[in-house]
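Protein chains: 4
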Amino acid sequence: MTNQPIPGKRKTKWPVAVLGATGAVGQNFIRLLADHPWFDLVEVAASERSAGRKYGEATRWLEGPPPPSSIQNRRVIACDPGVVSAPIVFSALDAVVAGEVEMAFAKAGKFVLSNAKNFRMEPDVPLVIPEVNGDHLALIECQRKRRGWDGAIVTNANCSATVAAVALAPLHKRYGIKQLFLTTMQAVSGAGYPGVPSLDILGNVIPYIADEEPKLEREMLKLLGTFADGEVTSAGFKVSAHTNRVPVEHGHTICMTIGFEDAPSPDQAIETMRSWEGLPSTAGLPTRPKHPLVVTDAPDRPQAKRDVNAGNGMTVTVGRVRRDAVLDLRMVALGHNTVRGAAGGSVLNAELLATTGDFDSA
Amino acid sequence: MTNQPIPGKRKTKWPVAVLGATGAVGQNFIRLLADHPWFDLVEVAASERSAGRKYGEATRWLEGPPPPSSIQNRRVIACDPGVVSAPIVFSALDAVVAGEVEMAFAKAGKFVLSNAKNFRMEPDVPLVIPEVNGDHLALIECQRKRRGWDGAIVTNANCSATVAAVALAPLHKRYGIKQLFLTTMQAVSGAGYPGVPSLDILGNVIPYIADEEPKLEREMLKLLGTFADGEVTSAGFKVSAHTNRVPVEHGHTICMTIGFEDAPSPDQAIETMRSWEGLPSTAGLPTRPKHPLVVTDAPDRPQAKRDVNAGNGMTVTVGRVRRDAVLDLRMVALGHNTVRGAAGGSVLNAELLATTGDFDSA
Amino acid sequence: MTNQPIPGKRKTKWPVAVLGATGAVGQNFIRLLADHPWFDLVEVAASERSAGRKYGEATRWLEGPPPPSSIQNRRVIACDPGVVSAPIVFSALDAVVAGEVEMAFAKAGKFVLSNAKNFRMEPDVPLVIPEVNGDHLALIECQRKRRGWDGAIVTNANCSATVAAVALAPLHKRYGIKQLFLTTMQAVSGAGYPGVPSLDILGNVIPYIADEEPKLEREMLKLLGTFADGEVTSAGFKVSAHTNRVPVEHGHTICMTIGFEDAPSPDQAIETMRSWEGLPSTAGLPTRPKHPLVVTDAPDRPQAKRDVNAGNGMTVTVGRVRRDAVLDLRMVALGHNTVRGAAGGSVLNAELLATTGDFDSA
Amino acid sequence: MTNQPIPGKRKTKWPVAVLGATGAVGQNFIRLLADHPWFDLVEVAASERSAGRKYGEATRWLEGPPPPSSIQNRRVIACDPGVVSAPIVFSALDAVVAGEVEMAFAKAGKFVLSNAKNFRMEPDVPLVIPEVNGDHLALIECQRKRRGWDGAIVTNANCSATVAAVALAPLHKRYGIKQLFLTTMQAVSGAGYPGVPSLDILGNVIPYIADEEPKLEREMLKLLGTFADGEVTSAGFKVSAHTNRVPVEHGHTICMTIGFEDAPSPDQAIETMRSWEGLPSTAGLPTRPKHPLVVTDAPDRPQAKRDVNAGNGMTVTVGRVRRDAVLDLRMVALGHNTVRGAAGGSVLNAELLATTGDFDSA
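Residue numbers (this note's numbering), protein chains in the order written: chain A, 136 to 497; chain B, 136 to 497; chain C, 136 to 497; chain D, 136 to 497.
Rather than coming from a laboratory, the hints here were simulated on the basis of the structure.
Since the structure is predicted, the reported quantities are computational estimates derived from the model, not experimental observations.
Don't take each hint at face value.
Below, simulated DSBU-like cross-link-like pairs (lysine-lysine); rule was C-alpha separation at most 35 Å, straight line [unchecked claim]:
(1) C/K146 <-> C/K373
(2) B/K313 <-> A/K308
(3) B/K425 <-> C/K189
(4) C/K425 <-> C/K252
(5) D/K146 <-> D/K313
(6) A/K313 <-> B/K425
(7) B/K148 <-> C/K425
(8) A/K373 <-> B/K313
(9) C/K373 <-> D/K425
(10) D/K373 <-> D/K425
(11) C/K308 <-> D/K313
(12) B/K148 <-> A/K373
(13) D/K425 <-> A/K425
(14) C/K373 <-> D/K308
(15) B/K425 <-> C/K425
(16) D/K189 <-> D/K148
(17) D/K425 <-> A/K189
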């Protein structure tokens, strides 16, 4: 996280809150916001079970050094827009409650940066990876007009869709994807906590993740779609996915086979990915890595255990770019599912919004 | 293993030997032959390092109950056709030496049932899964004629190719495969012993297995090809593979996406696989499972840990048969890589040869 | 499981039921009883949530081939002595409900063979490993007298206590244990299903299992205690345990350091363990392995993955028996926690009771 | 690693070399020295097989970001004191060659900081953990006198002995250990690369590590011994160890049961460990963590996966301090085996030597 000065003429950080702060994704939001140069984490909200308790006591901290005592000692408050004062909220809520709660916050005039799936496919809700389709944030205006609220809901994508879209964005833009086959090997942290029972996954592969294939397929197309005249047009190519759970802690590995309108050679594809810098307006955002996309030459990489933390978990690593015998190209992509593919994605969305002036009223 | 009477008018079992008996695949041959109703394991052969020692002392037994003391106490002999008396030999030799050694045995008039890759793609060498293409054994005649030897080399296929071919054989026969995408998640036992270092694979996926993708692609086509007029014509469809290593002990899981000449619905495909019984002449072979191919209805199966031992490791389990958005069908197959996909494959080949009269002179 | 004739003059098997049949331990009872030569599984009972549904539908079958369709199709009934007709019930109930429910069954005149911890340390309740202390079953008479019921509760011990007690029984009897240090490395299946979250245990050791150390310490002493005059006198030596969870599926490994009254040499200890045959009256019980205790000479065994299924999961394997620099002996023991250490233990208890005539009225 | 100014009046960093630089421990030395404030890594030496090649090509980099290109491009040189110019060398050599090579370097006047076991137990060779027994470095003088060389050999201890000694140093000093029982659960990285085959350790515990128990027992006593009159007197208490390999990547967990001369309560022991600051002269050394020893209150910690990187891998974490039923105290310690327990240990030894003036002639 680079230490950029706060955008605009602001002197103080924006106050922010996390909804669903005690769960696995919530903890990642806490970690990323605990020492953020632009945002000041002023409130942690969670379910009624936790409300009223100190954050440190209400939370079974899963990974890495626990948050500073200033956060540990903060009282958990309810996920209620009447109780949360911060104008910007990050939502790590479970899909079961996210729909209703996020809408209430947006109606109450708050910016909701959500990891939940509920609104991702709504036509007027931006589904955004800043370097890939940051311009889709323009949907906020349509959203407000259509829904008649002052707040907004902005979503990050499904973890696998995010990894795939970062890897494919430069290729799709230049060569036009026609057909795409994806097979994922997904880490257990993608299922939250307690998540996948160890009896199910130790020494095993589970070739099924509920509802993951349709999410991956449809979100990919929205992410790689184009914004014009107040709406996003889906990328329109054909995509087919197999999703699998593997005994890996963090990092989704995705095998891809791709057919293009105008097929590049492997070398051209590599050069295109390496020279891609993402949407220029995202350069220098605090949690944006210098290289959102890295291509490795090592014959046996990317590997979850060895490459997942590239760019502090925000870089997608691609390898094994080679010709395909049926379509045009084969390659493998890897990214951090709980950082780039979840909390980190929404934090980066917020950072982009901070530079566009959208938060100025917040 | 069913206890069928010895075929033909034979009163005694055929004497057999294992070459490369101390390694991981060799141990599987030993296990499968230790108590075989038709074959009598009379000799164990290995490299010079082991020759002369007792088998039990020369071998680091990897799995399951160790072999009976009659085998433990047998002296390991050299892999030399002048030393091995058995007319039928199972080869678990490493590819580095298998080429030369197996040829020497064939020249010396012996039947070589090989797990090595060296001769698999030779036009006059049968590459056989009995239930799938047992009729390819007719190549033996061409082989003998062309090479001028009395012996023969018969090979089992690469482990992943075997699992895929069993699953696809009935579908290809009936609906004609046009395009095939495979992504494997392969167990560490496929790499032998010591094989994959634990530092590489614990909590990791390695998206690369040296030389595996071309082997899988080309062997599939030979396995599903047709024998006529003294030669095997390749199946001719297009196939593309990603192969990955995962932290699983036994069992290769394969995600498949398939395009057909004449596409079946998922229900038709399931029905076709369920009603498939394999080449009739293989029914009742001792190591043939009743069902070489099983289709599960469970939404999250097949799973390596839970399904790998179906049919004593000789059954391939298929699941998640569903429509594909780009081609026609998607499904997942799983099989035991060191049983069906290695030693068990060659033992079954030998059993089929025993019933055809090929061994009568042996 | 050997196929012994039904004891006594009985012509038909005893009808039995399983309480808590849908959970992980319950499934093990089902597996062991599905084809039992003496017991006929006539009823499966579980919580209200499952009652009324078919067993196959109410159960997420965790391991091995699912039970025969006769059991799959059986309706789950309530854990109520008024509903369960079988006179002999195996309890896989959770400790939260086991106390009340098991007492109700005993009061109703039924034999309860329990895996729950609730009654294990009651002075009038037998805590039994047949080969070790089958004579403690005589407590049943005291129990009935004291509690005024016609039924009975008989318990198997904690999984780790069971493995340790089988290994130590012959040594304690002959040389008198004075001090015992145990450090366990326990499999995840010991925590049931869903049990240990994979995020907690993949690539990790958790040096804590709630309430396990006191259970292990106190149950050991009761198991190795002596029955006389209607009561069991605790073994009385000092015992101290560390219990750890490791990423292993089945099999608890226990490192032991032992001080004796009359210390044997390692060779004497090995000889004593090897010549031990367990309580003579248990010889030939269907689920008793020929050797309840095996000592291996391999320098790096016992190993969970390789030795856990010895004797169909009923044999405890000991290795690395060596002199200790502080006390007298060090050694390592391993046993199957969900077979010998849970369901298999209670089934063996029932088999012993079947031969003593205790079930004759049942 | 804190950025302390170079000790003494030195203006430039000390030039150092790594012997055995391509292996697993060698890579850790490279990582720790690549950007060291006091040492300048000027040479990388390895076996003849690697000599002459670029370091980046000769090395299969195992973990974390690869070293800077300045090191990647350096030519590997031979482990020969006539070829290595640096006066200070870190040895990651295998024990098979370390004896001869390290002696040659010492004879040639060089300081050898060694991770090899060969000289650890020599009476005139310091076996040092700076915070624990940095004063043992005074043995160097005796070593030079006795051996007649200008160089010196200083060793770090076995990984498990290191973790145990850090945890026990403050307790032994204050309360006098009389009896100590240790059971380790050791990570696979302790066996180097390729090290433990995955087929051996996936889902398994191996209750044996060759030669580890005697090393752990005897090195503990030397580490906790006292230096006086030119020699180290062993700590003299009784110690007994079980050592096990578990499927963990990094971090050795050690269960300890301790008897003392003058037993503390658990609270006193915790207070003693928490107030311990290690040898004062080590305060501020660049790789010394602020807290070499941390005691956690969490009931289920320390855990390898979650605590191994405390203090950049240099902090030992202790937990579960509780009364013992047989001796006095039980507790669990965890430390990073390849950092604190290997390369990091020798780097810290070198840092302490840099401040004592020992390196001034170098």
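Tell me the numbers of any earlier hints that the structure contravenes, in ascending order.
Failing hints, ascending: 1, 5, 6, 9, 12.
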